[in-house]
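A.B. asks: One letter stands for each residue in the lines below.
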Amino acid sequence: MNKLFILGLMVSIFVGCVEKKDEKKEEVETARNEMVSQKDEASADVAFPIYDFDGFEPMLHKGDEKTYVVNFWATWCKPCIAEMPHFERINAEQKDNGVEVILVSLDMPHMWKKQLEPFVEKKDIQSRVVILDDPKQNDWIPKVSEEWGGGIPATLIYNKDKRTFYEHGFTYEELNNELHKFIN
Amino acid sequence: MKKKNILGWSTLLMIFVAAFAMGFKVATEHNLDKGYQVGDRAADFSLKNVDGTMVSLSDFDKAKGFLVIFTCNTCPYAQAYENRIIALDAKYKPQGVPVIAINPNDPSAKPGDSFTKMKERAVEKGFTFPYLFDEGQKIYPQYGATRTPHVFLLEKTASGNMVKYIGAIDDNYQDASRVDETFVENAVDAMLAGNEINPKTTKAIGCGIK
Numbered sequence: 001m002n003k004l005f006i007l008g009l010m011v012s013i014f015v016g017c018v019e020k021k022d023e024k025k026e027e028v029e030t031a032r033n034e035m036v037s038q039k040d041e042a043s044a045d046v047a048f049p050i051y052d053f054d055g056f057e058p059m060l061h062k063g064d065e066k067t068y069v070v071n072f073w074a075t076w077c078k079p080c081i082a083e084m085p086h087f088e089r090i091n092a093e094q095k096d097n098g099v100e101v102i103l104v105s106l107d108m109p110h111m112w113k114k115q116l117e118p119f120v121e122k123k124d125i126q127s128r129v130v131i132l133d134d135p136k137q138n139d140w141i142p143k144v145s146e147e148w149g150g151g152i153p154a155t156l157i158y159n160k161d162k163r164t165f166y167e168h169g170f171t172y173e174e175l176n177n178e179l180h181k182f183i184n
Numbered sequence: 185m186k187k188k189n190i191l192g193w194s195t196l197l198m199i200f201v202a203a204f205a206m207g208f209k210v211a212t213e214h215n216l217d218k219g220y221q222v223g224d225r226a227a228d229f230s231l232k233n234v235d236g237t238m239v240s241l242s243d244f245d246k247a248k249g250f251l252v253i254f255t256c257n258t259c260p261y262a263q264a265y266e267n268r269i270i271a272l273d274a275k276y277k278p279q280g281v282p283v284i285a286i287n288p289n290d291p292s293a294k295p296g297d298s299f300t301k302m303k304e305r306a307v308e309k310g311f312t313f314p315y316l317f318d319e320g321q322k323i324y325p326q327y328g329a330t331r332t333p334h335v336f337l338l339e340k341t342a343s344g345n346m347v348k349y350i351g352a353i354d355d356n357y358q359d360a361s362r363v364d365e366t367f368v369e370n371a372v373d374a375m376l377a378g379n380e381i382n383p384k385t386t387k388a389i390g391c392g393i394k
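As you go down the protein sequences, you meet chains A and E in turn.
For the first sequence, position 164 matches number 164 in the numbering used here, and the numbering has no gaps at all.
For the second sequence, position 27 matches number 211 in the numbering used here, and the numbering has no gaps at all.
One or more hints might be untrue.
As the list claims (entries may be wrong) - In silico lysine-lysine, BS3-like type, Cα no more than 27 Å apart, as pairs:
| no. | chain 1 | residue 1 | chain 2 | residue 2 |
| --- | --- | --- | --- | --- |
| 1 | A | LYS143 | E | LYS275 |
| 2 | A | LYS162 | A | LYS62 |
| 3 | A | LYS122 | E | LYS394 |
| 4 | A | LYS114 | E | LYS301 |
| 5 | E | LYS394 | A | LYS123 |
| 6 | A | LYS143 | E | LYS218 |
| 7 | E | LYS301 | E | LYS340 |
| 8 | A | LYS123 | A | LYS95 |
No wet-lab data here; the hints were simulated from the structure.
Using the sequences and the hints, build the whole thing.
C.D. replies: Here it is, written out as structure tokens:
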């Protein structure tokens with residue numbers, strides 16, 4: 001009970017801090033998002049590969065010896081940004097252990113140059129980043145996992161023997177614990 | 185004797201505290217995990233509108249149903265759908281199915297979704313429908329809304345407002361002109377014609393409610 005309370009308190013304090021800092025940025029983003037996506041302009045020379053779901057799907061079914069940690073995120077999703085360092089850490093720590101992290105950005109086309117590229121550069125993201133750009137979400141969400149309601153952050157961990165889907169954010173410990181169910 | 189008493193009281197207190205903690209946890213999980221399914225009866229509410237009035241579903245005497253849409257100012261997906269939500273209201277309010285928009289976000293977590301900002305947004309975009317603030321975040325967990333935008337189509341019946349469709353507005357958030365399936369329009373049309381709604385639920389990426 002105590003633990004629960006303290007955890008709750010810590011989370012609220014943490015969230016409170018983060019949100020305050022982002023207040024200004026958010027307003028700028030809101031203004032920026034007024035612009036409707038201009039896709040053709042946006043996709044010119046983006047630094048990451050852009051897939052529709054058919055192109056992306058093989059990344060969810062690789063039959064090799066590796067374990068894949070596939071994280072669905074976007075730059076505008078705060079809890080996604082909050083957990084990103086844990087995925088980066090796992091990627092660095094477990095690389096030689098046959099683990100690969102794939103960060104699947106669901107950012108919208110008009111954000112690719114303006115938000116996604118600067119974010120990845122600024123945070124010096126080392127994991128593989130790909131863009132999933134397929135508006136037919138009702139078709140492809142269940143193909144990632146029947147359990148997925150559409151919220152992000154969401155993560156799929158799989159290898160040739162086992163797969164588990166998570167529609168929530170992770171702490172480093174939680175992510176590491178889950179991963180170790182796959183890599184022994 | 186005294187000692188025993190203290191022991192008794194503290195045990196009782198512990199049981200209360202534990203019961204409270206467990207009850208609270210179960211209630212939270214129930215709300216977040218379940219919410220409404222198609223076929224459930226939806227609760228009415230009384231929420232503050234951007235014009236300062238309080239709005240309830242029961243205010244709409246002549247309505248045949250409602251498009252209750254959880255949406256907000258700040259989510260890029262919600263913004264992408266703003267014009268389409270206005271169009272839905274224009275099309276279906278005259279047919280007796282008005283849009284009721286509800287912002288479920290907590291402004292202390294999302295300052296851009298404060299009541300003041302809601303008023304500004306409603307004026308800027310010329311909202312023709314109520315844009316309500318879920319103060320204290322009591323309504324969205326009842327409905328089981330998880331993201332914005334998240335649509336609940338209700339049909340007014342003798343036994344209450346029944347949930348007929350839950351999900352996305354259509355199948356292309358990026359480009360209204362490239363939509364193949366207008367999920368919500370199909371659902372409302374089927375409901376008004378007394379036909380089976382298909383699909384009754386759809387999935388979409390959205391911003392988690394904060």
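A.B. asks: Hints first: check each against the structure and report whether it holds.
C.D. replies: The hints, checked one at a time:
1. Restraint check: the Cα-Cα separation between LYS143 (chain A) and LYS275 (chain E) comes to about 33 Å, which exceeds 27 Å; the hinted pair is violated.
2. Of the supplied pair hints, the one linking LYS162 (chain A) and LYS62 (chain A) holds, its CA atoms being roughly 12 Å apart against a limit of 27 Å.
3. A distance of roughly 26 Å separates the Cα atoms of LYS122 (chain A) and LYS394 (chain E); the hinted pair therefore holds under the 27 Å criterion.
4. Only pairs whose Cα atoms come within 27 Å are accepted, and LYS114 (chain A) paired with LYS301 (chain E) is accepted, the gap being roughly 24 Å.
5. In summary, the hint linking LYS394 (chain E) to LYS123 (chain A) is supported, as the alpha carbons are separated by about 24 Å, within the 27 Å threshold.
6. Taking the CA atoms of LYS143 (chain A) and LYS218 (chain E), the gap is near 22 Å; set against the 27 Å cutoff, the hint holds.
7. Simply put, LYS301 (chain E) and LYS340 (chain E) have alpha-carbon atoms about 31 Å apart, too far for the 27 Å limit, and the pair is violated.
8. Among the hinted pairs, LYS123 (chain A) with LYS95 (chain A) is consistent with the structure: their alpha-carbon atoms are about 19 Å apart, no more than 27 Å.
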